Amino acid sequence: MKVSVLTFGEVADIVNASSFDLKDVEDTDTLKQLLEDKFPRLKETRYAVAVDKKIVNQNVTLEDASIVALLPPFSGG
Amino acid sequence: MKVSVLTFGEVADIVNASSFDLKDVEDTDTLKQLLEDKFPRLKETRYAVAVDKKIVNQNVTLEDASIVALLPPFSGG
Amino acid sequence: MPDKKPKDIFIEGPVNPQFISDSIAQHSTKTSIGAHSIFLGQVRNDVINGNEVTAIDYTAYREMCLEKMQAIREEIFAKYPLTCMHIHHSLGKVKAGEISLFVFTSSAHRKAAIDSCEEVVERIKAELPVWGKEIFDDSSYQWKKNNIN
Amino acid sequence: MPDKKPKDIFIEGPVNPQFISDSIAQHSTKTSIGAHSIFLGQVRNDVINGNEVTAIDYTAYREMCLEKMQAIREEIFAKYPLTCMHIHHSLGKVKAGEISLFVFTSSAHRKAAIDSCEEVVERIKAELPVWGKEIFDDSSYQWKKNNIN
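Protein chains in written order, with the numbering used here: chain X, -13 to 63; chain R, -13 to 63; chain E, 2 to 150; chain C, 2 to 150.
Keep in mind that the hints were calculated from the coordinates and are not lab data.
All values reported here derive from a predicted model rather than from experimental measurement.
Not one of these hints is a red herring.
Here are the simulated DSS-like cross-link-like pairs (lysine-lysine), alpha carbons at most 27 Å apart as the crow flies:
#: 1; chain 1: E; residue 1: Lys31; chain 2: C; residue 2: Lys126
#: 2; chain 1: X; residue 1: Lys39; chain 2: C; residue 2: Lys134
#: 3; chain 1: C; residue 1: Lys96; chain 2: E; residue 2: Lys31
#: 4; chain 1: X; residue 1: Lys24; chain 2: X; residue 2: Lys40
#: 5; chain 1: X; residue 1: Lys(-12); chain 2: C; residue 2: Lys69
#: 6; chain 1: X; residue 1: Lys29; chain 2: X; residue 2: Lys(-12)
#: 7; chain 1: C; residue 1: Lys69; chain 2: X; residue 2: Lys40
#: 8; chain 1: C; residue 1: Lys94; chain 2: X; residue 2: Lys39
#: 9; chain 1: E; residue 1: Lys126; chain 2: R; residue 2: Lys29
#: 10; chain 1: E; residue 1: Lys94; chain 2: E; residue 2: Lys8
#: 11; chain 1: C; residue 1: Lys112; chain 2: C; residue 2: Lys8
#: 12; chain 1: E; residue 1: Lys134; chain 2: C; residue 2: Lys31
#: 13; chain 1: X; residue 1: Lys29; chain 2: C; residue 2: Lys146
#: 14; chain 1: C; residue 1: Lys31; chain 2: C; residue 2: Lys80
#: 15; chain 1: E; residue 1: Lys69; chain 2: R; residue 2: Lys18
#: 16; chain 1: X; residue 1: Lys39; chain 2: C; residue 2: Lys6
#: 17; chain 1: E; residue 1: Lys134; chain 2: R; residue 2: Lys39
#: 18; chain 1: C; residue 1: Lys126; chain 2: C; residue 2: Lys146
#: 19; chain 1: E; residue 1: Lys146; chain 2: R; residue 2: Lys24
Taking the hints into account, I'd like the entire structure generated from these sequences.
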């Protein structure tokens, strides 16, 4: 089981990549924990999580080929 | 003593002139009465009166060279 | 009485889209601007009693308009933190589909530009002595009535 | 899921004023339109800690933006009697003084055009996953923060 991770803005700067794959990550909380352990600056950064283009506000179980996006505050316009 | 009268829109249609002078008209009420007697359709028409470019809501005494404008409802834009 | 001669707002005939883009482009040197709000009034081909409006012929009490517009301009600048404001209104014939009113406000942040633009449009419609004669396809006409909110 | 592919809103680089006037001119055949409302976002050269913003470099989560924009479009058309609505947002570098957002709504009467334009601007700023990187004159940068009302 493999998920794709997309990052943007400041989050992409911190993890130093705009997309990568992760194997065997059960849910979004696990994914966040994993990345925050590896990139401690993420803990101090505000970001939302979208799964398959929908923002999720609670822990969500991931499936094979899920696309998880980490979205810092928007600043378009 | 002479005043200038300016008319616009429907009022100009009714009096069939866009500007003319009137002699010895004491105040705006007299002026309106004079014109409404001559052009009865004016009585059924809504219009405001401006003296020297300011809308007046009461009877105003006219002076020599006063400019009186008869203004139907605005429809610019 | 203001010392300064009031700015003219009237143009003969329709507002050309090219004039609008030139006006926008002239603001690229004003780099403190973050937001522009533009309102355009376009002549509709309303059908009234079976007759179609083909054009509106605008007349104005020019001197009173310019004095009133100058007062509105001063009140709007006192109320909103604007960088600039431009107003152009047609006189004479404007055909259906053509533009007769162009209101353009600019500010650092969007709220002032948006709110002032709307307020200026409402005030122009309610307070400027301008009249539109709706000309029908059979050459008859009627005097337009504004829908004042 | 809508059957129709969502309309693209993104353009590479700034919105050209000529593009805006072409877009306005294309509406002259839609003679049921009486009012256009346009919002333009322009890049400001803010000074932050002594450094001047020379440009904003925009990136977006494109697929999510287009899906979200399609939903906003449907909600706005359900709420307001609009004739049309056009949205264009820049991606990549837009220099100070250049335009990065163009929102354009049209309707028979002014209220729908004005209110929907403002609502769409607010929703774009709050809901579209787009990020602006403010680039300073010394080549350093910071991620822009929107002022959401």
